[in-house]
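*Asks:* Protein sequences, first through last, are from chains A, B, C and D.
For what it's worth, full-length UniProt numbering labels the leading residue of the first sequence as 1, then goes sequentially.
For what it's worth, full-length UniProt numbering labels the leading residue of the second sequence as 1, then goes sequentially.
For what it's worth, full-length UniProt numbering labels the leading residue of the third sequence as 1, then goes sequentially.
For what it's worth, full-length UniProt numbering labels the leading residue of the fourth sequence as 1, then goes sequentially.
Read the hints as simulated data drawn from the structure, not as lab findings.
Note that the structure is predicted; figures quoted are calculated from it, not measured.
Please note: incorrect hints may appear among the correct ones.
Said to hold, decoys possible - Pair by pair, the computed Cβ-Cβ distance ranges are:
1) B:D115 to A:D11: 55 to 61 Å
2) C:G280 to B:Q196: 55 to 61 Å
3) A:G9 to B:G9: 52 to 58 Å
4) B:Q196 to D:R55: 38 to 44 Å
5) B:G9 to A:D11: 52 to 58 Å
In this text, a Cβ means the ideal position worked out from N, Cα and C, and glycines have one as well.
Protein chains: 4
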Amino acid sequence: MSDNWGRWGADDERGAANLLTPDVVLAAVSSVRQGRVLPLAQPISGSTSGPGAGRVPHLAGRPLPQHFMSVDGGDYAAGARRLQGEIGLSDDALVLSPHGTTTHIDALAHMWRGDALYNGHPADRVRSYGATRCGIDKLGPLVARGVLLDVAAHRGIPHLPADTLVDAALLAEVAGAAEVEPRAGDVVLVRTGWPQVFRGEPARYQDAQPGLDGSGARWLVERDVVAIGSDNAAVGALDPGCTFHGTLDEDVHLLTLWRAGVTLIEMMGLEELSAAVAEGGRADFLFVAAPLPIEGGTASPLTPLAVL
Amino acid sequence: MSDNWGRWGADDERGAANLLTPDVVLAAVSSVRQGRVLPLAQPISGSTSGPGAGRVPHLAGRPLPQHFMSVDGGDYAAGARRLQGEIGLSDDALVLSPHGTTTHIDALAHMWRGDALYNGHPADRVRSYGATRCGIDKLGPLVARGVLLDVAAHRGIPHLPADTLVDAALLAEVAGAAEVEPRAGDVVLVRTGWPQVFRGEPARYQDAQPGLDGSGARWLVERDVVAIGSDNAAVGALDPGCTFHGTLDEDVHLLTLWRAGVTLIEMMGLEELSAAVAEGGRADFLFVAAPLPIEGGTASPLTPLAVL
Amino acid sequence: MSDNWGRWGADDERGAANLLTPDVVLAAVSSVRQGRVLPLAQPISGSTSGPGAGRVPHLAGRPLPQHFMSVDGGDYAAGARRLQGEIGLSDDALVLSPHGTTTHIDALAHMWRGDALYNGHPADRVRSYGATRCGIDKLGPLVARGVLLDVAAHRGIPHLPADTLVDAALLAEVAGAAEVEPRAGDVVLVRTGWPQVFRGEPARYQDAQPGLDGSGARWLVERDVVAIGSDNAAVGALDPGCTFHGTLDEDVHLLTLWRAGVTLIEMMGLEELSAAVAEGGRADFLFVAAPLPIEGGTASPLTPLAVL
Amino acid sequence: MSDNWGRWGADDERGAANLLTPDVVLAAVSSVRQGRVLPLAQPISGSTSGPGAGRVPHLAGRPLPQHFMSVDGGDYAAGARRLQGEIGLSDDALVLSPHGTTTHIDALAHMWRGDALYNGHPADRVRSYGATRCGIDKLGPLVARGVLLDVAAHRGIPHLPADTLVDAALLAEVAGAAEVEPRAGDVVLVRTGWPQVFRGEPARYQDAQPGLDGSGARWLVERDVVAIGSDNAAVGALDPGCTFHGTLDEDVHLLTLWRAGVTLIEMMGLEELSAAVAEGGRADFLFVAAPLPIEGGTASPLTPLAVL
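Chain A on its own, in the form it takes in the complex:
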């Protein structure tokens, strides 16, 4: 089904995460074969007085992460007093706006149409002190079978062209070639390779991007996936000017987050997983995502894991 409103009760704020019953978790765990753990996040580089922050793929106009040390080894080198005369400590702070800047998972409250969030929760409850409905604190962890649909590798190219729409037919073709059928309770990761464009051509990265179209989103939602991840900025394709591709009825965020309660994981780092899957021959694995329980958060920064 493509619309999950009411499916898990009128009060539900977790959406497709409800599919992760103990049986599904046990089946997901049984996907582990090698005991190899791969993090799927891009670095969070927030140095203000160094070149770091600008080096990580991000969308234009978004505030980059900022990372500050409130005490560090330099202070002791300069003579700062130590604890008990000998101990050195480092301490820090992070300022982070996840959307468009770092690997993150969207709350169901992140996007909606009209006056209601997913499952009819009033959008009026998303206020300056946070989303009291469908915030990221309501989602809970995702321990699921992960499936990599490596579209770029399937095509034998480092990254898809900017105007590639990953539609239902293409997803089916990639899944077929990989001999892995997305099923209820899966987290499906769609690799475009697009982050590789950033290093040499940041402005090109920040413009149009390859990604799912509405048919691709529907295809996954119909298979009852729990979440969709990608290495592009919005899971869905972006048109030139960095705008969502598609009409309102075909918008990927609306079809997934809003209508189906299927969350999105964006700006993932999938290169190492791509190589491991190519090498190991299996595109399914144990997937783990543990969002920070930010009360009323619209997203959480995330290090998703693949356990092969």
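Position chains B, C and D relative to chain A; hints supplied.
*Replies:* Only chains B, C and D this time, still in chain A's reference frame:
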């Protein structure tokens, strides 16, 4: 052994995380029996204009999390222009200093004695733009067997008294009663119940705290654990005035992070796990921690997971 | 008059600041006699790993200033590379919520009753991206005659008791004794001495506070003052529990900011000015306030000046 | 003289601000003729979900201001509970790194050569918790005669070309034409018009910039000015690649801040002042700068004022 400098090579920045070989991971995965997933984090409550932030257990004098919405449902209720005329979006920012305020995992660069970090890395490389040695970005994810040593439950009390030192003998006693022997590659979680003090008596929470003493830390390090977690603020006990208990030679942070490369997970939420273990009869499970790869970070906020 | 809506036009967003015509400014400048300049701000102390931030008077539950160095002398002591081999630089960042934490000036958009801001501007235009009406960027600088009404000194005590209501009669009495009559275009500073309570008894400071009542606010508004400053937290008195004193119709913020467009300057440091006025014998001077033009800001941190 | 170390005592941390004796202040005040007040700051635009922040001239790679509302009119439109049932409040937070992003005044601790700050203070005292020597909290307010040297207007062009070095001869020529001789205790403002480049060509703005060279800095320092302001990013000229122009011995920051204790005010908004001076015929006025007393700050955001 209690000192791991050089054990994984002169350049090593991961410490005991190196123990997580594929075999150890596979054995850890085999601990899953029920398919039940429990998050082990306390909420991150950062509302500035509400009572939220002060409600979550934290140490005195630490900057509380701040969470800001840069666009929300209130804006649309007030007439803000929507995307394509119909779409609402919410977006946010987080300001976070993890130590003392939220569930987090320490980088090996967080504490040291003299001029060298863990494994002899120069403390001079921990500077205002971050720890270029032994930062949290170097640790990598922890997928391990988790073992709960529920000291408070073992004693049959909601929380340990403030002056309880969890020493080697007590750990051995609790492990024996639970019929679970910490082994190489485990993550051991020590439950004190101390967060329950916060609600009614925040000032008492912020003073002395029960926790490991040096002998307890040594006992765990000798068993080659990968990490030690607790629901108190510093894993080690805190003396009145919220200072580290013990001499320099018996300091828990120094014995673990610094000498042994064993990282610490602090301010965990262990109540639900305690109940589940009490009910299910097994104190071991699959444990997952996926730190954010904050370049040069001294810690990462974290939602640790137990998969029972 | 006590209600200035429409007085300076239907579009006006500056309120009583419109009274500062060139003639009024010239008269204010003529108050300078000694050439002595006094800053009237309390320090902004934002050190996260030191005791600083908590030492400055502030209200409970407010996020304290945070100040971070992104490069500093410690980094060079630790070996950081210098510009051209020899130059050292320091750079920093400030995180600040002015209300309740530091000397600041309120925007007219800071408080209102019902659905309209000062002068009938729709409160709906105060959104997550800032107050597009009556924000602090609309106020402009205040160069005016300043008048100190030093109520505590008038009574011969270091600070007023917590339950002192500074009413119209008391203001008139203090002004009369000081031989200075507030007139149109003045900025009047009301000294309570309350910050002196903070050092020894922060919890007492954060509870009830002496300050204006509604009659005092009306008395000043009727004299067409441009702004009212005080060394307490809210200009108006605070009842036990740190709540605004008075009914809605007598609320000091509503009578001044909202009805009269008279802005408020809070948490000032008036001790040095008090001593200088006591010594010099004149309670009027040139007053200067230059708010930061924060687009849509609800306040600006401020160093008000008295030029005696 | 060009070197002021020791001139105001071995402990001095205020530098040329010591020149602002009462007599100098009184003379400055006498420059007021029209009673016209002009703010000299560019806006601080920190909206994260709007286009604002990027519209204000700033250097590349610097973190832009961020401004967050923690409660606003939108929340009430969405049904948030009001104080006493009727009152609406707005509250906010600002995250700011002044250098390179907004109008600000440099602390004497901002730049140095070797191991000593201005006046020989050890650079080792500039640490993660702030500059305990020569921080912006030590500077105090500047109430001085202001002198506009409008180089662009003198040349009859909207802005100087990027490679213009404003040297001693050019300053003397502009001062002569304006019939105003910089004297001890003045604050001299050098207008380049460069911000006008930003709107259409931000990348050009962020590259080379016109500004003082070493001879120009020496010429002003020799006249015992208190501070030098400009509408460019660094007062001194910037070479292509946005690097300081000149050798170490001719570096403008070192000649002023470091050797002479003469502070710098950067990224000013001087267009309105330029027009007013052109119209009014006098290039001198009362100048006021009131830095925020940020303990250990390397700079303060600032709204400088000209009172004509």
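*Asks:* Determine for every hint whether it applies to the structure shown.
*Replies:* Against the structure, the hints come out as follows:
no.	hint	result
1	B:D115 to A:D11: 55 to 61 Å	57 Å, holds
2	C:G280 to B:Q196: 55 to 61 Å	59 Å, holds
3	A:G9 to B:G9: 52 to 58 Å	53 Å, holds
4	B:Q196 to D:R55: 38 to 44 Å	51 Å, violated
5	B:G9 to A:D11: 52 to 58 Å	53 Å, holds
Hint violations for this structure: number 4 only, all remaining hints satisfied.
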